[in-house]
Each structure stands twice: as C-alpha cells, then as structure tokens.
Amino acid sequence: MKDKKLGKKVKQFLEDKKYFQINSSVNDGIVYLDGHLDNWENVVELGHKIGQLKGVEEVVNDVLSNDSVKAATEPKIRLAKKFYDPILPKKADVVIVGGGVVGCFIARELSRYKLDVVLLEKESDVCGGATKANSAQIHTGVGESFGTLKRKLCVKSWPLFDKISDELDVPYDKTGLLIVITKDSLSKNIPGPFRHFLCKYLVPLPVWITAKMAKDKPKIVWKGKLLKMEPYLSEKALVGVLMPNYGIIDPFRLTFSLAENAIQNGAKIFIETEVTSINVENKKISGVVTTRGTIDTDFVVNAAGVYADRIAEMAGTREFTIHPRKGGTVLFDKKTDKYATHQLNEFKLPRNEHTKGGGVLKTADGNVNFGPSALEVPDKEDTSISKEDLDNILEKYATVFSYFPQKSVITYFSGLRACTYKEDFIIKPSKNVKGLIYAAGIQSPGLTCSPTIATMILEILEKEGLPMKEKEAFNPISKRAAVFRELTLEGKKNIVAEDKLYGNVVCRCEHVTEGEIVKAIHSSVPALTVDAIKRRTRAGMGRCQSGFCGHLVAQILARELGVPMEEITKNGGDSRLFIGKTKEFLAED
Amino acid sequence: MNVDTLVIGGGPAGLAAALSANKNGVKDVLLIERGPELGGILPQCIHDGFGTVIFKERLTGPEYAERYIQEIKKTGINVKLETMVLEIDRNKRVIAVNPADGLLDIQAKTLILAMGCRERTRQQILIPGNRPAGIFTAGVAQRYINIEGIMPGKKIVILGSGDVGLIMARRFSLEGAEVEGVYEIMPVPGGLTRNLVQCLQDYEIPLHLSHTIVNIKGKNRVEGVTVAKVDSDMKPIGGTERFVPCDTVIVSVGLIPENELSEMVPLKLDSMTGGPIVDETMETSTAGIYAAGNVVHVHDLVDDVSTEGEIAGKAAARFGELKERENPIKVEAGENVRYVVPQIIRKKSFEKNVKLFFRVKEVQGNTFVKVFSDGEQIYSMKERVVRPPEMLSVILPSSVLEKTQVVKVVVEKDNEKSS
Numbered sequence: 001m002k003d004k005k006l007g008k009k010v011k012q013f014l015e016d017k018k019y020f021q022i023n024s025s026v027n028d029g030i031v032y033l034d035g036h037l038d039n040w041e042n043v044v045e046l047g048h049k050i051g052q053l054k055g056v057e058e059v060v061n062d063v064l065s066n067d068s069v070k071a072a073t074e075p076k077i078r079l080a081k082k083f084y085d086p087i088l089p090k091k092a093d094v095v096i097v098g099g100g101v102v103g104c105f106i107a108r109e110l111s112r113y114k115l116d117v118v119l120l121e122k123e124s125d126v127c128g129g130a131t132k133a134n135s136a137q138i139h140t141g142v143g144e145s146f147g148t149l150k151r152k153l154c155v156k157s158w159p160l161f162d163k164i165s166d167e168l169d170v171p172y173d174k175t176g177l178l179i180v181i182t183k184d185s186l187s188k189n190i191p192g193p194f195r196h197f198l199c200k201y202l203v204p205l206p207v208w209i210t211a212k213m214a215k216d217k218p219k220i221v222w223k224g225k226l227l228k229m230e231p232y233l234s235e236k237a238l239v240g241v242l243m244p245n246y247g248i249i250d251p252f253r254l255t256f257s258l259a260e261n262a263i264q265n266g267a268k269i270f271i272e273t274e275v276t277s278i279n280v281e282n283k284k285i286s287g288v289v290t291t292r293g294t295i296d297t298d299f300v301v302n303a304a305g306v307y308a309d310r311i312a313e314m315a316g317t318r319e320f321t322i323h324p325r326k327g328g329t330v331l332f333d334k335k336t337d338k339y340a341t342h343q344l345n346e347f348k349l350p351r352n353e354h355t356k357g358g359g360v361l362k363t364a365d366g367n368v369n370f371g372p373s374a375l376e377v378p379d380k381e382d383t384s385i386s387k388e389d390l391d392n393i394l395e396k397y398a399t400v401f402s403y404f405p406q407k408s409v410i411t412y413f414s415g416l417r418a419c420t421y422k423e424d425f426i427i428k429p430s431k432n433v434k435g436l437i438y439a440a441g442i443q444s445p446g447l448t449c450s451p452t453i454a455t456m457i458l459e460i461l462e463k464e465g466l467p468m469k470e471k472e473a474f475n476p477i478s479k480r481a482a483v484f485r486e487l488t489l490e491g492k493k494n495i496v497a498e499d500k501l502y503g504n505v506v507c508r509c510e511h512v513t514e515g516e517i518v519k520a521i522h523s524s525v526p527a528l529t530v531d532a533i534k535r536r537t538r539a540g541m542g543r544c545q546s547g548f549c550g551h552l553v554a555q556i557l558a559r560e561l562g563v564p565m566e567e568i569t570k571n572g573g574d575s576r577l578f579i580g581k582t583k584e585f586l587a588e589d
Numbered sequence: 001m002n003v004d005t006l007v008i009g010g011g012p013a014g015l016a017a018a019l020s021a022n023k024n025g026v027k028d029v030l031l032i033e034r035g036p037e038l039g040g041i042l043p044q045c046i047h048d049g050f051g052t053v054i055f056k057e058r059l060t061g062p063e064y065a066e067r068y069i070q071e072i073k074k075t076g077i078n079v080k081l082e083t084m085v086l087e088i089d090r091n092k093r094v095i096a097v098n099p100a101d102g103l104l105d106i107q108a109k110t111l112i113l114a115m116g117c118r119e120r121t122r123q124q125i126l127i128p129g130n131r132p133a134g135i136f137t138a139g140v141a142q143r144y145i146n147i148e149g150i151m152p153g154k155k156i157v158i159l160g161s162g163d164v165g166l167i168m169a170r171r172f173s174l175e176g177a178e179v180e181g182v183y184e185i186m187p188v189p190g191g192l193t194r195n196l197v198q199c200l201q202d203y204e205i206p207l208h209l210s211h212t213i214v215n216i217k218g219k220n221r222v223e224g225v226t227v228a229k230v231d232s233d234m235k236p237i238g239g240t241e242r243f244v245p246c247d248t249v250i251v252s253v254g255l256i257p258e259n260e261l262s263e264m265v266p267l268k269l270d271s272m273t274g275g276p277i278v279d280e281t282m283e284t285s286t287a288g289i290y291a292a293g294n295v296v297h298v299h300d301l302v303d304d305v306s307t308e309g310e311i312a313g314k315a316a317a318r319f320g321e322l323k324e325r326e327n328p329i330k331v332e333a334g335e336n337v338r339y340v341v342p343q344i345i346r347k348k349s350f351e352k353n354v355k356l357f358f359r360v361k362e363v364q365g366n367t368f369v370k371v372f373s374d375g376e377q378i379y380s381m382k383e384r385v386v387r388p389p390e391m392l393s394v395i396l397p398s399s400v401l402e403k404t405q406v407v408k409v410v411v412e413k414d415n416e417k418s419s
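From first to last, the protein sequence lines are chains A and B.
Going by the numbering used here, the first residue of the first sequence is number 1, and it counts up by one from there.
Going by the numbering used here, the first residue of the second sequence is number 1, and it counts up by one from there.
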C-alpha cells in the first residue's frame, strides 16, 4: 500500500520534471530507476532528487548515460602470486568483505569474541581504496546535516580517538580546525560595507553554535590573534572560529594497526582475494566464493566501499546504488609546514552541498595539503586527476593565504567516496537476505565514524543471531614497529647496534631504513608491493617521489620474497614495474 | 670522531674535492657516500664524452670516475660508503649512519658539501591523469637499464629534451625498445646540440618542440599519454590533442640541486640556482663550509664539476689563511643572464683567476658577452649563438677586481652585425 503511494509520487515527479525517458518502480520503500539520460551528471542529479522525496528509503539508480559505459568495467580478478599463496579456511562465523578502515575496525572489534572471523580484500593491501586517499581528518560532526546517521555517529566517535590512538599506537594530532571568515565569505551580491559587517559579526555565530552542538569547545578568534596564530593568513581574514578538537590521523597506520591487532587476536585477513559470488540458500547467506576458494558462513558484512552494491547484487539483492564521488588532493613538501599550524577552512556561502568544503589540511606527518574536491564520476576505478581539478584545488584553497609556495607540490591523488543517493551511511541488515549486513555508503566522515560503525555492526550481528562470547585473552594493544626517523640519537644508535639493517637508510627524503622495510614485508598483513611499502614506511613519499629509493625498495622486495625483480609490482595486479631483463628483450625480436 | 675535512658526497665533485684537499696538505680527509660505491651518477653513464677538458680524452662515465677513485686509493683519504648524513649544523658537527659503524658523530674543521642534485618529477610539473606503474624519471630508467640490467618498458614516450632524456632515447633504442618521440614544452631543445644529433637524429627519433603531455592514462601500467601543442605561454592549445599509446613515460624535465642539508645548517641559498651562495673559493655563507658541483648549480659537463671540487678542496686546505669576507664584490646577472656563480668574490683572493659560470635566459644569435666592473667594461667576447642549455664561462684575473664593488655579466646583441 505504502509502495503504491510512493510509486505514484515518484512517477508524478518524473512527469513534472519532464523525465519522460525514465522508468520507475518501488519495492519496500526502495525506488528503482532505469532509462537513459544525456550525461552522468544528470543521472546523479536525478538519483539525488528522488532520494530527497519524502518516504524514499533508498534509490537503486540503473539509469545510463553516454558517458556511463565505463561504469560497467569490472575490476580485474587478481591471481594468486607465487610469493603470496595463503589457504582459505573452509568455514567462518563471519566473513567481512573489504579491508578499508571500516572492514578492519569491524574485524578488530569482532576479534574480542570467540568467533572465526575472516576479512577478504581484493587489492594487494588493506587500506587500498577510499581509506588511503581522503583528508585524514577526525571531524567533530560540525559539517554534517542534522538528523543523519553520519552526524550522529560522528559526534559519538571523535571523543574515542584518544583511546584508539593510544591502544593502537597511531599518530593522531588534534591540530584544531580554524574556520576563517573573510570579506569574501558571503555572496558578493551583498553590498561591501554591509557584507563586511555581516561577515565579521554575524557569520561566526552559527558556526560557533554548530560546533558547540557537536560537543567541541569552539572559540572566536579576532583578527589580531588570528594572524598571530597563523601568520601566513591573507589580510582579508576578519575573524576565525577555532574548533580545538578537530584532529588529523594517519589513516594508513590506523588501518594497518587495526588489521594487525585483529590478526593478533585470532582474526584472519586475506589480501588479493576477490569475492566472485555469494551463496544464498532459502534467502539466507550460506557462503562466499572467492578467487582462492569458498568459505561457508552464515554472516557476511559488506564493507566493500564503492563496490558494496555489487556485493549485495552477488547475494541477489539490490537495495541501493553506490555512485562514486571523486575527491582530489594536492600534497606539498614538508618544508611548507610553517604555513599552517591548524587545519584551515575559508568559510564561503553558498556552499557545495556534497563536500564540507575541504580546505588546507595537514597530514599526520606534517605535509600541508589542499583538498579534497568533489566530482561525480561514473567509473568505480577512476582515481585519475584532471588538469581542471588540479588547477581548481590550487586556486581555491590558496586564497586563505597571503602567500603560499605552490611550486612545492610533491604529489597529488584522488580517492572515491562511496556515496548513496540518500547521502548517508547504510548500517543495517539486508531486507531480503538474512545474514547479509551492510556497512555501506561510507563516505566522509567515514574514517572518523569507523569505531562506532563497528560497534553498530556488532550489535546487529548479535541481534541477527551471532553468538558473542568474549575472549578472556583479547589484547587491545598493538605496538607499531620502530620508526627510525622518530627515534632520538640514542635510540637510533641502539637500534643500529641491534640490527645492522637499520643503519642502511634507503629513502633519503624520509630517512626510512632497510630494517623498517624488511619488517613491513614480513608483517602479519605482508607488504608485497612498492606502494604497500610506501604506505607502511613512507619510503618514496618524500620530495623525490622514490627517484632515489625506488630501485632499492624493489630489490629488497625481490630479495625478501624470493622472486626476480621483474615480478615486483607498484600496486599489485598488472602494475608491473619492469618488462624483463635487458638483452633478453633484444633476442625476442 | 674528529676529522680535518669532511666531504659529503662521493660523486665527481666530492671525489675531486677530497683529492684536492689531500693534495693541498689536509692530513685527515673523510669522504662519505650514501651509495654502495663511489662515482655518484657516473657509473650509470656508460656513454662517452666525459673528460674532454680535464683529460683531453673521450671517456665513459665509469672510466672518468675510475681515474679519480684510483687516485683516492693512493692517498690516505678515508672513505665510508653506504653512509647517510642525518644531521648537520653550522659548527660542522655531522651525524651520519651506516650499517658497519652504526651512528657516527663527526666533528669536522672544514666541510665540503657535494650532494649533487635530484631529478624533477612528473608531479612537480603537474601532469594530470592516473598514477600507474611505468612512469620513470630519465636517470632512474638509466639506472635500471645500465646497472640493474632491467628493462622498464618497450614503447616509450619521453617528456623533456634535456641531456639525460636525449641520452635515454638512444639507450632505449639500442635495447630494442621503440621510442615514439621526445616532447619538449619549450620552443627550443633543452639539451646540448651534440646530443640532439647523436641521440635523436641518428636514430630517427622525432623531437616535438612546443609540445607537452596533458594526460597519462592507465590503471595498473601506463597505457598511453595524450600530447598537445602549447602556445607561447606554454598553455596547451585545445584541439591539438593526440593520444599516443605507450607503456612507459620517461620524464626528463630538469634537475634540482639537493640542498636539504644546506638548509639544515642553514646556508644562504640563491633562488635562481637553488644552491648555496658561494664565493670564488666555493666557500658558502658559513665560514669553513664549502660546496661544489651540482649542489651549487646544475652543470652540463662533469669536467666543470670536478674543477669546482678542486677549488673547494684547495680552499678547505687553506682555511684560516683568509680573513672574514668583508664587503665582498657582488656578482650580478645582467641582460639575458639567468645567474652567475660565484655570486660573490673576495677582494683579496688567493685564486689568481676567477672563473665565472653563467647561463643565458634565452637563445640569442650574434652576441657579445661582456663583463663590467662598477660600470666599466673589463671583458668582451663574441659568441655566435648562446643557448640556455649550454653553460658559459669567463675567466678574469683577480688583480683587475681589487677595487671593484660590483661585477656584472651581460649578453648583448652585436648591434653592428644585426643592423
């Protein structure tokens, strides 16, 4: 009955807005769309419009466009490598699909209980998707709309990070976020002096109030003090609102520590293992088929990021569509450290509704970065960055400074946010398949919310019938391996005396030693690629971008894994760095 | 440990500096090198053309390095390989580390910085697109082929016509790879003329001037690049894009003096060269710290690098003989001159002659190189054509500069000829 009414409403809407080429249907509050539109932008816009209609629970948007052909590209199935050939267990109590921060957090929390937990990741490393390419911010929830699950979890999550960073030994820095209000913060349509007055005295108030409601302790900072706090700010800055609890975390380290801690407590994590189908019997999950074999299980946690809709489809149910939203980031040399002590965000109205605006950020290692931008793309694998995006990022975020050395770019990258058309998280059991639990639609602030998403998933699993008996031996503490560059001179002396490999500095920009690289290769989630080594140790993350250490890292990988250098890849799959030996190639011709 | 002269970097500048310090009487010279062998970039430069000035021979890179290494072996110079400097300060205390000795705490009386340079990357010139495997800087690719014996790819596109890029175009061709072309954003080639002839023309590799790469495509490995013509502001011209399938992109877009240690001291740097400001003895803004070679400014010829090392080594040996630099002569870059090294000259130098190295800003034909001392012309030499990639030099006797305040180098059009 409800569906019938909603169906009429959607059809009426499509007619009113002249979407004559679009068909719609409704089932259990979920709207299904198909048809054809001119371009992807229109497809996404339609999805959002339908998502906003009252009574619509979710949108499955199958509408195609001329540029959406790419969306059909399937991810490459990765084959087992000689040097990584684990044997999958025949059965498990829970299988988690996806080794991002959310999947790894769920694995770690489940490892507190007497359960056989298995996590599957298709990439050559955990932390391979959105988790590795986001702003790394721990948000307080100030930017989220009221009434969303995102906001509710965000406000609950950020206070947990002191403990998380302690337990898991993850660099976490409460840099604080400084919202900078300038003469240009409001529309130029408002006359000069009046706009100036509004910007200075009125705008800070709502900002302050929302921050207060997110349980932060906001402070208004007047211009004199503002310029003392951030001496490189533009003269057009009028006033700032400081949110001292905004933080930055190392998302790589957080994910690795979670994965390692989960394994330490008995969970099993398999990389380069792709789910190809899901077995369902009598509308109940019965197993997961992967490129390495089948695991029988009653429960699947779908934390597959941009592929969460595909995973659901494998279980024969379609309850939402994930549309990837690309965010580009430009990262600068550590030498620019002094230009920003806090995270900086120039307040601007009107705002882009699907990004909190990004800003001038810092990494946990002190690199200033600008971003992220927001761009809807049809391809779930499209992490390229365009010239327009690069130019926009550089131009948009530099305006908060009087001067910024933009030439000191060391790299740039894009990540894909896994967004639903309701633009909120989906953390609930499937309506149609028992045992399939969604941790889906995890976009910003997903990194911040990962601990409470995990808690919610555990509650759902218990309710759905998974017996949860606590392990007495659970150890929440995970210690990260020694980081040479962070040691004191005494510490450096001692570690080299203990292990000569720490005396060989491989990455000269970031002072990463062979000892650290070898440790990463043999860690419980092994680093098997050049990029995996980079994310664990920072080798190659500096200003020369692996010019000096790339060959050394490849050599160490080849030696430790016992394979020739030609088999070493940048990031798994077909990303081979070399095509073969010299001369042998000449003989071929 | 205490040493008299510590040389950081075992490439051509460091080798020459260590030898020269030793020959000029420094007893206790320590040369430290990050890599597992001496010679810096030379061991991977297996083509010839090195040493034409110093040895009057055409040597290969390894041969050139070997001459210095053999000399070093005959002396009592202490060499430490696989040794990385972690910290340095203005009191010439250096913290370094290597697997054999562990952490080293070295106090030097004089220091010679010879860290060389690094390659500018794809990221620094903001080429958009994906980040697949198969993008290498030219020097890195050279290392893979010549030292590791490994082929980075089969179908190659080269961005930048600097010397390393040109040499790699030839090297890839010799290994049986296909070099589709060399793309240069500037309207003029970036490398030496001899390399344009010997590395491109002889192998029929096309050079596309005023072109750049506007996109790199490939999810895992490079699948191709989009190239486009650029206008006079070096902005890509819409409609001129062309997709070039390839598996490898070689980026040869310039070298940057490696001055992280200089900044740690901190030394005064020249924003034009990217290296420390030096005087005619290669002494930096901190007394007793010298710098030589590509760490000061990027050279075309290794012979010039060695010469600078020699000057620095000699000066380190004579440290203390000269008083503080008071009001040194300023060296200025005038018309069509991008920079001049040294940037300052002592009034009473022990060097009989001062050699000024400089580069022009743009190509110019029928020119005069002129040097002015406080406005008065003291040198003039005809140059048929001057090009930015080719470093120029002028030798001046120190005696003519005794009362000078400012020396200015200019490159002017030969007005008689052009009119």
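Since the hints were made in silico from the structure, they are not lab data.
Please read all numbers here as calculations on a predicted model, not as lab measurements.
A virtual CB, placed ideally from N, CA and C, is assigned to each residue, including glycine.
Check before you lean on any hint, since a few could be wrong.
[Claimed, not checked] Heads up, incomplete: computed chain B residues facing chain A, CB under 7 angstroms, no partners named:
1. Asn130
2. Lys155
3. Glu175
4. Gly254
[Unchecked claim] When the alpha-carbon atoms are kept at most 27 angstroms apart in a straight line, the in silico DSS-like pairs for lysine-lysine are as follows:
5. A:Lys114 - A:Lys583
6. A:Lys212 - A:Lys223
7. B:Lys268 - A:Lys581
8. A:Lys581 - B:Lys154
9. B:Lys370 - B:Lys382
10. A:Lys583 - B:Lys154
11. B:Lys80 - A:Lys500
12. A:Lys407 - B:Lys268
Quick rundown of the hints versus the structure:
no., hint, verdict
1, Asn130, "holds (5 angstroms)"
2, Lys155, "violated (10 angstroms)"
3, Glu175, "holds (6 angstroms)"
4, Gly254, "violated (12 angstroms)"
5, A:Lys114 - A:Lys583, "violated (56 angstroms)"
6, A:Lys212 - A:Lys223, "holds (21 angstroms)"
7, B:Lys268 - A:Lys581, "violated (45 angstroms)"
8, A:Lys581 - B:Lys154, "holds (11 angstroms)"
9, B:Lys370 - B:Lys382, "holds (9 angstroms)"
10, A:Lys583 - B:Lys154, "holds (12 angstroms)"
11, B:Lys80 - A:Lys500, "holds (15 angstroms)"
12, A:Lys407 - B:Lys268, "holds (20 angstroms)"
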